[in-house]
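Peer 1: From first to last, the protein sequence lines are chains Z and D. Residue numbers are given in our numbering: position 1 of the first sequence equals residue 1, and the series is strictly consecutive. Residue numbers are given in our numbering: position 282 of the second sequence equals residue 282, and the series is strictly consecutive.
FYI, nobody ran anything at the bench for these hints, they're computed from the structure. A couple of the hints might just be wrong.
To be verified - Listed next, the in silico DSS-like pairs over lysine-lysine satisfying Cα-Cα at most 30 Å (straight line):
1. 11/Z / 87/D
2. 103/D / 21/Z
3. 103/D / 11/Z
4. 87/D / 237/Z
5. 280/D / 21/Z
Note that the coordinates shown come from a computational prediction; the quantities given were computed from them, not determined experimentally.
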Amino acid sequence: MINRGLFTVYKMHIKQQLLSKAFVVATLLMPVVMFGIIFIQAALMNISGAEKSHIYITSDDQNLLSSIEAQLQTRSEVSKGIYKMEYQLVSAAAFDEFLASKRADILANSNNGLFFIPGQALDDKAVRFYSTNLGNQILRQSMSETFNQVLNRDHFSTLGVPAADLEFAVKTIDIKGFTVSEHGAEQGSVGNTAVGFGMAFLLMFSIMGIVMPFSAAIIEEKTNRAVEVLLTSVNPKQLLAGKIMARVTTGVAQMFVWLLPLFVFVLFPASMALPPQFQIDLGPGIFLFFFANYVLGLCMLLAIWGGFSAMFDSTQDANQAMWPISMLMFVPFYAVFAVIRNPANSVAEILSMTPLTSLYVMPVRLATLAVPLWQPLVALAANGILVWLAIKAGGKIYRISILATGQQPSMQQFFKWLRQP
Amino acid sequence: MNALEVTNLTKHFGTFVAVDNVSFTIPEGVIFGMLGRNGAGKTTTIRMLMNIYEMDAGTIKFRGNRVGQEFRDRVGYLPEERGLNTKMRVLDTLLYLAELKGKQGAAVKDKAMAFLTRFELDTRTRSKVQELSKGNQQKIQFISTILHDPDFIILDEPFSGLDPVNVNLFKDIILELKAQGKAIIFSTHLMEFAEKMCDHIALFHHGKVLLSGALAEVKQRFSSCNVVLHYEGSIEFLRSLPYIRKVQDYGNYCGITIAQRNDSQRLLRDVLNHDVVVHKFDANDISLNDIFLSQTGAQGEAA
Chain Z
1 MINRGLFTVY KMHIKQQLLS KAFVVATLLM PVVMFGIIFI QAALMNISGA EKSHIYITSD
61 DQNLLSSIEA QLQTRSEVSK GIYKMEYQLV SAAAFDEFLA SKRADILANS NNGLFFIPGQ
121 ALDDKAVRFY STNLGNQILR QSMSETFNQV LNRDHFSTLG VPAADLEFAV KTIDIKGFTV
181 SEHGAEQGSV GNTAVGFGMA FLLMFSIMGI VMPFSAAIIE EKTNRAVEVL LTSVNPKQLL
241 AGKIMARVTT GVAQMFVWLL PLFVFVLFPA SMALPPQFQI DLGPGIFLFF FANYVLGLCM
301 LLAIWGGFSA MFDSTQDANQ AMWPISMLMF VPFYAVFAVI RNPANSVAEI LSMTPLTSLY
361 VMPVRLATLA VPLWQPLVAL AANGILVWLA IKAGGKIYRI SILATGQQPS MQQFFKWLRQ
421 P
Chain D
1 MNALEVTNLT KHFGTFVAVD NVSFTIPEGV IFGMLGRNGA GKTTTIRMLM NIYEMDAGTI
61 KFRGNRVGQE FRDRVGYLPE ERGLNTKMRV LDTLLYLAEL KGKQGAAVKD KAMAFLTRFE
121 LDTRTRSKVQ ELSKGNQQKI QFISTILHDP DFIILDEPFS GLDPVNVNLF KDIILELKAQ
181 GKAIIFSTHL MEFAEKMCDH IALFHHGKVL LSGALAEVKQ RFSSCNVVLH YEGSIEFLRS
241 LPYIRKVQDY GNYCGITIAQ RNDSQRLLRD VLNHDVVVHK FDANDISLND IFLSQTGAQG
301 EAA
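Here chain D stands alone, though its shape is the one from the complex (with noise of 0.2 Å):
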């Protein structure tokens, strides 16, 4: 079954189209991956999944039905700007936060001090927001979208900001809430994280979805005639040979689109007798940083 379906979204600003006609679906448990360039139409399709903007035109059913309060409820919010009142102390900020979705009690206290005490914040319950760095402020946002034990979670660029260690925490609970059956909504132009951590995507540009679905079917449709190249020396041979069309090159990554599926033993010959060390050789494979290029046209941003 479906968590959410969205069918033919819609939202104008004046003469713009910010979201046209956009449809996916996400099924239960599963990392859904909205990926796009700023201003691609990700945060405004969010705000519309949350009611914060009214749609123009399209559905959105969470469970088969038409959201509704029961779905705000039930959901966990991340946004991107991040957002809480800086004078509120801490606990009383996620107390609060936690109310509004119909959770209260000491059940949910003792909740939130286990996360606090997990985030090392438990001992800055009675600080004011304002007091806390911008990291631990993120972190109390964190801690407020999933304390009332959303089913459904959106998380609008979760990593920005933060540092190794703190993402990795991030991305542990995240990981946890998945093993847990909950579905998430993971909005980023970060190709990296998405790759490593969804099962599903959508990829938003110009307020259309040019492509969605499992990201191994979506990986399995481009990865045919694709080589990706761990390495190190010099790969600035490979333009010249005549069976190569195309060559992403990161320094140290590169992605090479061949011209036939059988090239790639080619391939792997005159990389070795170019002297060039090869770390890792993958044929049939694509990044998703090299399928979000190819769809977009777009350089350098998403890299």
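So here's chain Z without its partners, still in its complex pose (with noise of 0.2 Å):
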């Protein structure tokens, strides 16, 4: 199959493809993408939990509403000045009249909010909060983290619990891993973790960006007829398998550029000194399995992008037609979210040898355990399987579809060309 013809194509389109200004800005702008969506979403957190506010602190009991007054003031919130702190005792029969008249500063900003401590919560733990904003968690659960301290402290106070004990009780606590393998025990990282999961997102997004303007190249080729007088020299099989290797070879291009400072890291772990929790310790193994994952998932995807969008003579009609496939690269992107809280469950496990989903499963699971060897293997074996199928079908739909004009085609016609030897 491999022929002078295929290798031209092949090499007019790489040379296109790496050479394009979209191909340089992609690889250069995604890492400042992605860390630019971090930094943004971690500034908009920071911005939000500083949002001024006026609150009242109320309280049935002198004692209750002190201790509650004592703690907040060690909090930063209250020292900076961006929470407006008022305390007041105010007695349960008293209370709606005093509420009356703090409404209008409540509802004068949304962030002010009123809270009614009683006594009886140091037995139920049981707040009352008015607010305009019942949605405000930061300022709920900021709250409700000094209230539950002080309320434990004075309820066991009561009960003649020495202050040191008490210091214990209220403390949260701190559960150190230790990963255990043949070797022994070491502390735990979460840096395998965040690369696992970074490892999935890039794939996500160089799966995107290589397999999606596939179709509208496909199309642009076909209504501007330049594929009939390429059809002359190679055959359909071999002008798609052409673009295809060369599509692939971009993206490897691509992901290696974006992996090569873990890379780095990978080989000269002392060239970075990252605290225990954040080291990162992978083997080459995970990334052998990542990238031959990766260039099956690219063949497969494209194989089936490349046959079905012969069939359209636009884009806007491919698109529509194809949104349903569109969701082979979706989907299976958010069976991510079943490792999150135990790579190990089963779902996981199956969802990592599942073909599709294991493109993104697999390289967590991989960062995160030890995973036998024959799982990721099934893992390349099944994906293998469904890019034979892949190109055998895209390629028929190619061949058949890629001169037809003029007419929209159905799923019978497409049933009918796949039946078609």
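Two independent chains are provided; combine them into the complex using the hints.
Peer 2: Next comes the structure, spelled out in structure tokens:
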């Protein structure tokens, strides 16, 4: 199958792809975009947490109110003046009248609020929150933490529990993870998990960037009739194969550039002094699997895209008809979230060997777990079989439909073409 | 020796028979006119020759051997619907299409530049194809058809959309290629060009070949009892003359079918007696257009 014609098509397309401005921009820009998204998200969270608010803390218990005030003064939001606090002793009977007096101020700013912590809360931890914006989770969570600490401390102190024991009781637990392997146990790190998820995201971005424009390229060549001239020199399968090979090479080159910093780090771990909990410990196996599976995934999706796109005379028609097929690209990515809580659960294990979902899930599992060798091999074999079927079907549809113009293809026609020898 | 032998070629699209048991031969070094109306089966036949469409039945032999990759490498094809990758640069396009045919290197580049100069496009080598006018794009397509020095050239409606100057340039190059001994298929529904340029013809109609062979023989076969008259004046009176069978009038040129060969003398006398100015009077001659119309029964389109 690999002959002069195929190689010439490959050579021309690889030159067109690798030297294009789009490739250079996408390759250099994507890491910037990724880090930009993370930065913007962090900045947004920071900004949203720092919203100025006027907060009333009320209680019918003076001791409890004083304890809460003392605890809140230790909060940075209060000391920086972001939260303007006002404390007021209010009996339960006078609360409605007090609330009415503050209503105008609460209505004036949706970030303002009023908390009522009755003395009864020392027994039932029931606290009331008054605001126009009950969805202000940042304020609720921040106050909830403080109130819980104060209520625990005051409740147990009345029972005669020593202060040191009380501090122990309110302290949150810290579970340090150690990864057990045949060589022993080492302190665990979130570095590998982060890399696993990062690789899954990169895979998704890359597949989208490489596969989706393929449709427009195929349709353009069909509609400007250039394909008729090309088919006098190469057969349709060679033409499609040359295009797919060029795009796969482009994708691998792009992914290599993106992962280059990681390679450097893995080869020279001392080059980056990371704290133990962020250390990255990955072998070459995960990269071999990642690239092998990436190549298979691209081949599969490009063959399907190439075949289907050849059936249409316009990009608009193709996009409308192909959205269900686009799900082949997007839905498997969401399988990654199945491994967030436990990469070793049985659902994650099955998804990591299922064609398409394995593209994203297996790298995450390989990064975070000692996965038995047979599992990545099964994933590769399953994807390999699907690639073979996709190339066979996509190549056939491409061959038959690339010169068929002027008619809207139907499912009936698609299956008829698929059955043709 | 024949360059190409096509035997019993057939192609169906569903129940529609696009090409029906077509046979013809093309000798070496001739211009072969593939003639017929739009939809007659010419382009489908060409696409089967080029293996773009798979034939349902029949054989195609190039110099005695069934056509394969070797034939495809040695053929130059100018399709009816021009097709170039419009985002590629002019010189890159030419070199890419030549390389697909197995030709690359400095010699091909030099030859491409020579053609571009001849077509006055040597300053546009770095331009993208889409930046060129339609006529200039057609020149690029034509150069790509012949750049790899093919032995066999297929030109499907090569002059459509060209201005007269460029038609002349194309025509000159086609005749040069013929002089180099290359076999050329010239597909057209324009009989005037076919009559001037072709040595052999095949007349397609509804997917069949109605007649084929050397143009001179075909004309001889149909020219008996025919007169071609180039004139000024009114020739309406001809239709009432008893020895006139048929008149195909085109204003200042007409084809006339007479009852017997020696009626041509009477015809000339009658024409002169009616004060018609005679510019040319060819007895026992017939235009390809008249043959086409008489065989297909068509009016108008091929005229």
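Peer 1: For each hint, tell me whether it holds in the structure or not.
Peer 2: Checked hints:
1. 11/Z / 87/D: Holds. Residue 11/Z to residue 87/D sits at ~16 Å (cutoff 30 Å).
2. 103/D / 21/Z: holds, 29 Å
3. 103/D / 11/Z: holds, 15 Å
4. 87/D / 237/Z: Holds, at roughly 23 Å.
5. 280/D / 21/Z: Given pair residue 280/D, residue 21/Z is violated - Cα atoms ~64 Å apart, limit 30 Å.
In terms of the numbered hints stated before, the structure departs from hint 5 and from no other.
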